[in-house]
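Student: Take a look at the letters that make up each chain.
Protein chains: 2
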Amino acid sequence: MNTQVIRNVRPMGTAAVDVLINTSVIEAVLPAGSASPELPCLIDGQGQLLLPALVESHVHLDKTLWALPWRPNSAGPTRNDRISNEQVLLKDFAIPIAERAGPLIEHCIARGSLYFRSHVDVQTAWGLRHVEAMLALRQRYQHLIDLQLVAFPQGGMLIQPGTEELMEQALALGVDLVGGIDPAAIDRDPVRHLETIFGMAQRHDRGVDIHLHDPGDLGRWEIERIADMTQAHGLQGRVMISHAYALGAFAPSDLLGLADRLAELGIAIMTCAPPQVTVPPVAMLRSRGVTVCSGSDGIRDTWSPMGNGDMLERAMLIALRFGWSKDEDLAMAFDIASAGGAQAMGIANYGLGVGCQSRLLLLPAENLAESVVSRSLQRTVISNGRIVARDGAFVTNPA
Amino acid sequence: MNTQVIRNVRPMGTAAVDVLINTSVIEAVLPAGSASPELPCLIDGQGQLLLPALVESHVHLDKTLWALPWRPNSAGPTRNDRISNEQVLLKDFAIPIAERAGPLIEHCIARGSLYFRSHVDVQTAWGLRHVEAMLALRQRYQHLIDLQLVAFPQGGMLIQPGTEELMEQALALGVDLVGGIDPAAIDRDPVRHLETIFGMAQRHDRGVDIHLHDPGDLGRWEIERIADMTQAHGLQGRVMISHAYALGAFAPSDLLGLADRLAELGIAIMTCAPPQVTVPPVAMLRSRGVTVCSGSDGIRDTWSPMGNGDMLERAMLIALRFGWSKDEDLAMAFDIASAGGAQAMGIANYGLGVGCQSRLLLLPAENLAESVVSRSLQRTVISNGRIVARDGAFVTNPA
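So the sequences go chain by chain: A and B. Per our numbering, the first sequence starts with residue 212, numbered consecutively. Per our numbering, the second sequence starts with residue 212, numbered consecutively.
Excised from the complex, chain A in its bound form (with noise of 0.2 angstroms):
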């Protein structure tokens, strides 16, 4: 029932097929021109790129400020100040986040991610605020996306008393994740921090996606804590350390045992790559099995005006981030924007084998290389059996 055919189109850049979909999952693939003339015919791709829909695996929609006038950037120099300056301009911000991080959503929709792992801020400024918008986003869009929320304790959750208990709140009300944040620069407690966010999340059976931009050695340490915590709370294959600046203040040959050991933990690595700090060796993660995954972070946010959340620029951004030119690169680099962030956040079904989900992207290009090179803003963007971006605009009212 409702099978339409995707025509002529190459998925991951191999010889071009006909793909039978349906509104949830791929029912079919057929060497090109043998699909039923009588089946309806969802698009014909002319020959493009299939490829699964990306991934952002790290951003703060809640935070932005897309869709408004310009605003320039009024932040002080520190992590500290952003914060702070943050919340005095949030805490009573005239336009409300559906406002903004709605048309966000559509805006990265159009430019193919489907899979999205949002770090909503909790905190006392504003209590569960940030939560029920995110929360009644997830539902305006759940028929186009899959979209985690991460409890995430921005401005401090020990030194802010009261977060803790609205992390609580906001897991109860239905938020996948426990979030946390630098245990020592921030929280100034690690070993306490840790420990509570493990806790929580264990009692709650959720997963613990953590901010950490404790640097070198520091940084390193609070890793081997957190695979310590991991291990001792059973919850392998459930967290991930998002930034992890750390480890790259080490040359990739000294850290092949902490690499080792985050692989047998299921311990996933999320890096936007930044080129004015040290990122983690992301090739020799993988080569050890690390999952690594990425995403856009702030999108002109009131940490920073950058970002489009166009995750095909940030496959670009991560190859330039470590010089890759050669095509089996420039495909780990789109991995890491796909697959990895698939694999990281626990979707089931994602790729393009018949079973796997049937929401897609097609562009024109070569093969994966090309795609990450190129960037084309030719996209078309398929979810739920319809067509839900097109030529890079969201499709609004889908026929």
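No lab work stands behind these hints, which were simulated from the structure alone.
Since the list gives no way to pick out one identical chain from another, each pair is judged satisfied if it fits inside one copy or across any two copies.
Simulated pairs of lysine to any residue, SDA-like, Cα-Cα distance not exceeding 25 angstroms:
#1 Lys537 with Ala305
#2 Lys537 with Pro486
#3 Lys302 with Ala278
#4 Lys537 with Ser464
#5 Lys537 with Leu467
#6 Lys537 with Ser285
#7 Lys537 with Val488
#8 Lys302 with Ala383
#9 Lys537 with Thr289
#10 Lys302 with Gln380
Bear in mind that the values here come from a model prediction, so they are computed numbers and not experimental data.
Since chain A is already given, all that's left is putting chain B on it; use the hints.
Tutor: Coordinates of chain B only, in the frame set by chain A:
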């Protein structure tokens, strides 16, 4: 004669004006709505940002594989591997330079660049073939763009006997500048390399543009020697050091004296701001009066498939490289991709004032910062009194 109006545009983000231009210069800037309705209207800008055309200060047009089917990168890991790989591939390459570099020039024009400095590979493997091709292309596009050419000894000069003579011949044919490359790492005799190229420049009354990847203390020592030679040969204001990675290996505060000397001698620094190497501290250099410019470097060539010639994207990459998020810093990134390049390249009458060249870029953005962050492709490009690109596409046969 031939006066046309560009109506309702905001120069650099300031209040809306009407701009009167002819085929070569800006004739007048009037309050919006006050230009005579009798004058022919070239375009109604509808409040868009008006910018001077962008400046591509460092590119290798002769080497590009643009407009060809995707080609996996086959080079080895070192700079010498890439040089020898390129020599083998390009020596008897089937597709002429005009069919690759021509479409790339048109693509760059469509992204808003109308000023270029292209390093043309002069080596014994192919003699002056690249020079001749680029001179012909310069003639083909001379009504639309400025294209400066550098006689660039990619494969080394002293180590490839005959190259020096080819460079002399290139200058005689009309190439504008004398190039150089890593006097220590590639030519292995830094003083003789620099004496040769500066002597050649002085004899031919040309400027110098030297590729300097040599790192750390070595590169810094060579920059000091370049300053000496600039002074000794009376080439103040006519020398550019491209890349200058060495300047990123020191604390900016250690380089103040050297920066002052570069400023005094009018030696410009070109950086593409790559994320995987050390890069010059551009904010400090500018604060001491050094002219800083930028470029795409190679665009889809045998070195790397990366690059698209978009100087607004380059400005964004510069801002990312230094973690800039303030409007004034983003405007600095824009300046490096525009006026900084014009200054470094000695382009007369660049800008938006009366008497400046009427080579212009219009795009939807509130201000310079947003132009860099958003990099809208809805760009209108004006040269020679015509619209030469619209919505990011080159207009092949303008009316």
